[in-house]
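Chemist: The chain contents come next:
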Amino acid sequence: MNALKKYGPLLLLVLLLSCEKEIKFRQAVSSPMLVMESVVVPDSAMQVRLSRSRFFLESTNRFSFVPDADLQLFVNGVPTEQLSYDDEGWYRAAYVPRSGDRLRLEAVAPSLPAVHAEETVVTGVADFQPGDSTSSYTTSQVADYEVYINDSLAYVYVSRTDGFDYLIVPASRLPEVVTGVVCHDYRYRVEFVFTDQADRADYYELSLQPDFNAGTLDHPDFFTDGNFFYGSATFSMESRSLRTSNYYLDLDADDETGDGFMALAGTAARRFSDEFFNGEQVRISLVLHLYDYDAIDVEGKAVPLSEGVQMRLGVTLSCLSENYYLFRQSMDSASDDDLIGVFSEPVQVYSNIDGGVGILGSYCDKSAVRLLTTPNFSLRVYDPDRFIYY
Amino acid sequence: MKHFHLILLFGLLSLSSLSARNFTVSGYLRDAATGETLISATVYDRHSGKGVTSNLYGFYSLTLPSDSVNLEFSYLGYLPARESFFLDGDRTLNISLVANTLLEEVVVEAPENREIGVRGTQMSTVAVPVGQIKQLPALFGEVDVLKALQLLPGVQGGIEGSSGMYVRGGGPDENLVLLDGVPVYNVNHAGGFFSVFNADAIKNVTLYKGSFPARFGGRLSSVVDVRMNDGNDKEIHGNFSLGLISSKINVEGPLIKEKTTFNVSLRRTYSDLLAKPALAYMAKTDPDIRRFSAGYYFYDLNLKLAHRFSDRDRLYLSLYSGDDAIYANVKTSDYTNSEDVHYLSHLNLDWKWGNLVTALRWNHVINPKLFLNTTASYTRYRFSMGIGIDESYTSPTEQTGEEAGLTFRSAIEDYTLKTDLDWQPDTRHEIKGGANITWHTFKPGVSAISAKERTNDDVMRIDTTYGDKEMASLETMIYVEDNIELTEFVKLNLGLHYSDYFVSRSFYHSLQPRAGLRLLLNDAWSFKLGYARMNQYIHLLSNSSISLPTDLWVPVTRQIQPMHSQQYSAGVFYQWRSKVDFSVEGYYKTMDNLIEYKDGASFMGTSTGWEEKVCMGRGWAYGVEFLAQKSFGRTTGWLAYTWAKSERLFDRPGQELNWGRVFPAKYDRRHDISLTASHKLSDRIDVSATWVYATGNCATLGTQQYLVEDQTTTYIENRNNYRFEDYHRLDVGINFNKKKKYGTRTWNLSVYNAYNQKNPFFVYTESSYNPGTDTVRKTLKQVSVFTLIPSLSYSYKF
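Going down the list, the protein sequences come from chains A and B. Everything in the first sequence is counted per our numbering, starting at 1 for the first residue and increasing by one. Everything in the second sequence is counted per our numbering, starting at 1 for the first residue and increasing by one.
One chain only, chain B, in its complex shape (with noise of 0.2 Å):
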């Protein structure tokens, strides 16, 4: 009955926007300089105080009563165009704008982000510019888009170093990560230290924590939507860099010009190149060792390729690929004391890891008000591990040998096709709608086992191969959602979203309506208030700290139900002179179905009975936050602070965890304060500093020993009872740039953590014993990780 009404209201306010003559003003907003287009970009009628925002494509329709209308395109770093016209007809209207490179904010002011900032009705989302966190001071000299996203309230990262996200009291699996609308089953490198995006082929990054857009679902607590860039249609560009640890090459530009376009990005690592020269040194010094060869690297590649038809027809392909890798391969040879008998070993080892993403998009425009878009994709993700050892020992009578060799499998990989509709039957409504169909195969672990035994011309041999059968899942989802202007003031954004879910011989499916409510107080002032309900129907199987290349994406099961939340938040929204975006979001969350490990449990990449080591139970997280944003001018930033609460409650009979009490969750911290600024001292040279404060991440540690069943016992009162020390530190970074005949080259020094703060990393007992004083002295030890690291790294841009 509470859906039906929804319906109906949804239907009326649809049929209020019947009304008399208007026409379509529709096209594409591009960069002027690149062809790129721009994303949620203003197109705002001065004459009639209406407006709309391009679509992740580009695209905007906006209908206006048959009159004179003064249009103005902006966007955030750009010069506004305005086009004049009495509007007597449906007219397409392709705007190019120009990048303001002046960055004097006397000249132009920040332009409103009608979809997000004081106007829009959508909140608890920030889009983040990339052009902002390119400047950032790195780790490693490598800027990472979502240890960006770090730095924003109400999102927390996970240990130092890594780029793990926990949003709003969530988990770490419970974030949607979506690269062109794909999503990314991994997206860390090494063990969650770097993300896999590379920003120099990332175009936007907009982050959603709460309040979501109907058309967004499957995960808890994020939705993470990062663009690429589709290509220069005017000429070929590129830059390339050359850091501590890796060096990238971007390189785009037209094919046909003005039709075909390219962006291609290549991002490779080369620790394990550095040390080849060595590696060969210590084989070449040391008699006993013949071949040694061993590293880590991962690499990116990223590529778009757009084609346009026509005004109305445009096609792209997305790839993203991206391995971790580890190797090593030794050979080593022991001579006894007679030249003729020798031991030889071969040790090799071949880890590797990734992601293979890929999409075709056909964006079509139906009519000036009617936009399509159709993807099909496909995303993987895949783990394999390989060990092998071979031995031999040769003397003038025998030959005997043993081979032995482990490999391990996993994957997850989805082929998904679906289909978008933006439709602004007038400026009162931007309705959009569709529908999604995806095959999840799950791939849990396999191992294979060989051995091989020689003697002489014997030879004795195993191969058996054990495991996990693949897992294949349905899951549909369909959407609507209508962004409606009551009226001046007030905004309303109302959505639903259905998905279903068969597995196994079970079937789930939820219906999650969206809410928004925007009352626009004054040009400067907003009120906004949100709800949105989500579901989840895959978990990660991972108890460790840090992101591990062997965790395992597992679908719900009939034991297993799916995850669900609902999510309240209510914010006030302030521009201050065009200039500085705050705004105040507080927010009430509640999670059920959450899967939590039993005590002592572990996988290991095994995901055999994973549902008898878990248990399933609720939990809850609140906080307030604050933000203050200057995206625009000199000097650009964010103060960012964060008040939360997350809180955990596993009480159902047999599956209790913490002996049926509250705990607070895993990542519950609360205070989390980040300052971000960037500053352009002259066309020459530009500095940034990001400085963070968070409390302590929780741990769980054991405080009392006794003894029962004459064992050493160590007695834990509560999960996560233990806080490390607060967590502080400020990262430095200043460009040095240049033009040159070709181009401009950019030297960027950072330094991590440039006051050396000794950060938690974990903690651990150690124990001393005195014979002579027959005691024993335990010590706390805290280790840390990432101390002061400086980088530099040498840019060229063409």
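One chain only, chain A, in its complex shape (with noise of 0.2 Å):
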């Protein structure tokens, strides 16, 4: 009785604490499966990648590629060639893929299952255009702000309707006195033209590659990507039969150097198939949406903090196969999983590789690229309303 005094309180603690147990995986182990994974480009020498898949409980972050495959491309039907092994499981073909060739990879490797995969190289969009471009700007003042400076760096917040940003600019940079902050609001509006080919699903990725000429302030840190601040890329397309509304581009406006700095960058990428306007002309409108912000000197002079940097907006549109289509879009989910954890629904990533898992998919770019070169703003006059001092 003593003894459940003594230790009961702690039996009973541990009782209630004891709520997570290492368990054994009692269902079948599923063995490993060969992984195919080659993504089929026209015109570009095929290659073709072979490893292992590993049990996920498997003591190893590793995966193992395999070198010893027979790995047979059959081409319309017709065996062509036996792929030779490379290096880091990829192996190269000679045969070099032309639109519209039905190709077939059969491969075989010591203790794994055969696998098989069919796919059709695309064919490119024939006719991706650039159509009109327009661009237009507001000036206007920005009625929040403050200004800070610390040693060399001066710090701007600015606070528009539409919501925040913060600069950081060498201090040697700004006037004397700010009096003011006016903010330019600039709107590129960019059209592409393409037809789509009739009688078949096409399925199509757009994507969008701004690229700004190197910094031109005189910190070595910053602006390396050019001194915009990002408000948002927004696409939206029309045809005979469809008028979509516009759809946002993710393009994350990352703190690359980790200073605070928004800049744009990275690629954004949407992918659409044409359910909705099969064989029919397609309008692309792009529109970036972009600031960037002067200060005002005591004298009503504006001081840009950035310089007319010139932008060069790539774009592309990739015509892509349903397979490869279905495996991106898979992947983005999966991504998208890790990131949203358990309140999610798990993803099965597509793969078309009979007898194992991976992807035999193939796709065709088509660029076209616009030049955007911001106005200079500098040295105008505006009147000031109020007066920060330091």
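If you're looking for bench data, these hints aren't it; they were derived computationally from the structure. Computed from a predicted structure; not experimentally measured. Built from N, CA and C at the ideal position, the CB exists for glycine as well. Treat the hints with care, since some could be wrong.
[Stated by the list, open to error] A partial selection of chain B residues facing chain A, derived with a Cβ cut-off under 7 Å:
id : residue
1  : L349
2  : W351
3  : Y706
4  : V708
5  : T713
6  : N770
7  : T773
8  : D774
9  : V776
10 : R777
11 : T779
12 : K781
13 : S784
[Unchecked claim] Label-pair restraints from in silico Cβ distances:
id : chain 1 : residue 1 : chain 2 : residue 2 : range
14 : A       : V96       : B       : Q559      : 41 to 47 Å
15 : A       : E191      : B       : V783      : 39 to 45 Å
16 : A       : N76       : B       : S767      : 42 to 48 Å
17 : B       : R652      : A       : V29       : 31 to 37 Å
18 : B       : Y588      : A       : N76       : 33 to 39 Å
19 : B       : R505      : A       : S140      : 39 to 45 Å
20 : B       : T775      : A       : S172      : 29 to 35 Å
21 : A       : G355      : B       : W439      : 53 to 59 Å
22 : A       : E191      : B       : W439      : 45 to 51 Å
Using the hints, put the two chains back together into the complex; each one sits in its own frame.
Modeler: See below:
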């Protein structure tokens, strides 16, 4: 009884807290599979990677490649080539794919089930052309702003009606007395036109690659991407049967340098099918929305916090095979799944490899490039309406 | 054409009821001590062998030929009453039954339930006496009505401790839960670990799993019909209970004796109140904390007022209000090395969610054969979340500050007007009909963000609100059903339910036939068949395993069509010596236009673009259920076993899940066993125990990993491919009762999970890297909650 009095509460505590335990995986352990990966681009040398999947509780973080497989390529039903092993799991082919070719890959590797996959090499977009482009801007005085100076850097907070921005500029760039801040609000509208091929299902990926010339300001750590502030990038499509609303292109404003400066970077992509415009000419309108800022000195002159930076806007329209489209979509979902965690449904990544896993896909790029240049707004005169002294 | 035949058959059968010189005995059946009306009590004429059951308001109507009658009135747990007379005219007979406190089986046998027992046409239905539910051992000492239903065959609980229900392979949003006939949208407190139903306020609970009567519609898988107590019309009584996490009080009595009654119940958890002194102590001892209050609580308020104008007219007002709340109010200050400079921070968190359900009901006896019930009701579920942060920095030369706030609100509300008619033209027909019109308003997530920055006298401000627009829809429904006694051995229930739904320029409608057949083989055995078609016009957006307050109800749209199901059931029923009821039922259910979330889809309280995140498909479920139930006597309880299978197929082009192949539904479980027993050892002590066993739940687990595009990718062969370990648990409870001067006190000791079984709650993989050997050890870890939990409560009934 005394022992119970002494150890009873401790025992109870242990019982209540022992809520986690290691368990055995009691179901059948699945065998490794042969993983085949190849994305075929017309007129580019074909390569295939073979590796081995591993059981999820296997004590390694490495994947093993399969260098000793028998990998056969069939083109349009005809045995064409046995691919030879190169390195890091990659097998190279001498064959150069052509649009419309029907490919079949068969792989046999020791102690792994044989796999095969089929794919048709996609045909690119016939006439992806730039159309009209317009640009407009508005300039307005920023009602709320704050400036802090810390050694050689100046921190400028601005508040617009639609959001905040936060600039870090060399202090030497600021006028001695800042009496105001103005915001230039740029909207670039660029159109591209292409014609979808009739009587077949097509899948597209539209991607946007903004590229700024090297930074022009004198601080070595900043503005290597130019000194714009990203608002948004949207696109809409219009054809005889379709008129979409604006889709956002998820072109992240990344803090690449880790200094709090948000620069437009990365590549945004949006995939879609021709379900609603099969065989029609499609007009894509891209709208890029950017900001930049001037400080106003005591005489009412504007001192640009950035310089007129030239931006090169690359736009690529890729034609994807259905297999590759489904694979890319599921890969994106799987990547989102990692972020969302326990509150999302698990993702089965698309595979068209019979007997194994992976992807045999195809895509074809067609790029169009536009050059956009910001106007030079410097040295305009504004009426100062507020003053901040440091 | 098919429907025309049904209507014709219906009409002919109704016409066949015309007969010579019949009179009607009608009235109310009540508890003699409290005046509480008795639902589904039996009125049986031993002379003619005819009988009926009282309706939801305790009213009965029995039409018999002019002759001697020998009426027996009986109800479970009550001593029967008998009346003999010569019936030569319509007669009103209100009967009060006396509760049988002797509990001696030899004295009184359990009366048969003519609606759902061996003799009734209704199948796939279980009435669970609330008294029996109250005796079950409970988690944290809180008896839960919905958790008791999980112990019935064909009903599966969700995750450990949750009061979610999966009935015959259906989803948790496919259950229509009615409180006094009004839908309750969120039936959970505390993430699903408690239901909103306070057992002290409940009179009757009936679960319909299939073969649905035509009066019910709007959900695919089940109807849980919960009825509140009206209130004692003789004298004031009540009880209160003090538990480890909550307390409750119930008071009932007459406002005007035998005319107007009230019944009010209040329950509140008080973990927040208990934590208050500890938080205050922390605030006192830590110089940086200026204020610290935080907590979680929920409360329920049930109120019912009933007024009897005459034997023909009664008015009821029901109200349920319940909220959950999480709050935090934390103020901290941080003095720097100078006393003149300090930093002040204030966090304010305020989450609230809950239901408001209210109904005004008028019962009117038009004539002895015709009973009218008209109800106007309002039900609302709302969720609001607010977070505010206020930070300030003060120095002799500068005062700066930032304030930021985020609020999120969502709601669904219904206004309903409905009328129901019970018509008993003769002993061969019990006809019910009615209509219902509901105006739904869906208020999906609306967010508001505010921000303010202060620097000395300058202020910068942002105030933005965004979200989806309100959506409104109109749902109407009419029904008619007839319980027809073709011969003494053959009884038929035919019904038609029509509903339509108008939302955002889309119109849907559905005609849903219902049928039931009972073949009475002898006094103890019967065989039943049932068929029901059901339609559902709303969906619950939620993809987590627990019930989150952010889960959103949304209507069907042009793109997402209504779900519908067809269920076929057959069963054998047997009553052993009027003491124990046995049943074996088999069912096969098909479901179409089901929605499931696409791979990777997540909602977390947003309804924006939800149609793009779901796919539509179909499913089927089948199983066999066994139930042995003893509801009367010293020892009561039941043994339930279910063998079931539930699968899904999502193979519509562009909406494939699991590669377009069949996969098990999330709560597909092969075996479920529950054994429940209560025994009264003496007037002072009664004991109870519940043991449950279930096949483990499904989960999706990628069992292979591979490299593609230089990324480690998981290969999932099938959705829901992994099964958790089997689940089993024993709960025990004991009550010590003692008569006191003003009533009876009861100490209850319950132990949840008495043998401390570590049942799976979720499973995850853990990796640990050993740099010495350059290897990684990966293990599968199982997390369990609700291991052995003792609880103690004290209650006093006066």
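Chemist: Decide, hint by hint, whether the structure agrees.
Modeler: Okay, the hints, checked on the actual structure:
1. L349: violated (20 Å)
2. W351: violated (17 Å)
3. Y706: For B:Y706, the interface hint holds, since the closest Cβ of chain A sits about 4 Å away, which is under 7 Å.
4. V708: holds (5 Å)
5. T713: Status holds, d = 5 Å.
6. N770: Result: violated, 9 Å to nearest chain A Cβ.
7. T773: violated (9 Å)
8. D774: violated (9 Å)
9. V776: holds (5 Å)
10. R777: holds (6 Å)
11. T779: holds (5 Å)
12. K781: Since the shortest Cβ distance to chain A is 6 Å, the answer is holds.
13. S784: The hint holds - B:S784 has a Cβ within 7 Å of chain A, the shortest such distance being about 5 Å.
14. A:V96 to B:Q559: 41 to 47 Å: At roughly 44 Å between Cβ atoms, B:Q559 and A:V96 fall inside 41 to 47 Å, so the hint holds.
15. A:E191 to B:V783: 39 to 45 Å: Violated - the Cβ-Cβ distance for A:E191 and B:V783, about 55 Å, lies outside 39 to 45 Å.
16. A:N76 to B:S767: 42 to 48 Å: holds (46 Å)
17. B:R652 to A:V29: 31 to 37 Å: Once the Cβ atoms are compared, 34 Å apart, the range 31 to 37 Å for A:V29 and B:R652 holds.
18. B:Y588 to A:N76: 33 to 39 Å: violated (49 Å)
19. B:R505 to A:S140: 39 to 45 Å: holds (41 Å)
20. B:T775 to A:S172: 29 to 35 Å: The hinted range 29 to 35 Å is violated for B:T775 and A:S172, with Cβ atoms some 55 Å apart.
21. A:G355 to B:W439: 53 to 59 Å: holds (57 Å)
22. A:E191 to B:W439: 45 to 51 Å: holds (46 Å)
This entry does not satisfy hints 1, 2, 6, 7, 8, 15, 18 and 20, going by the numbered hints stated previously.
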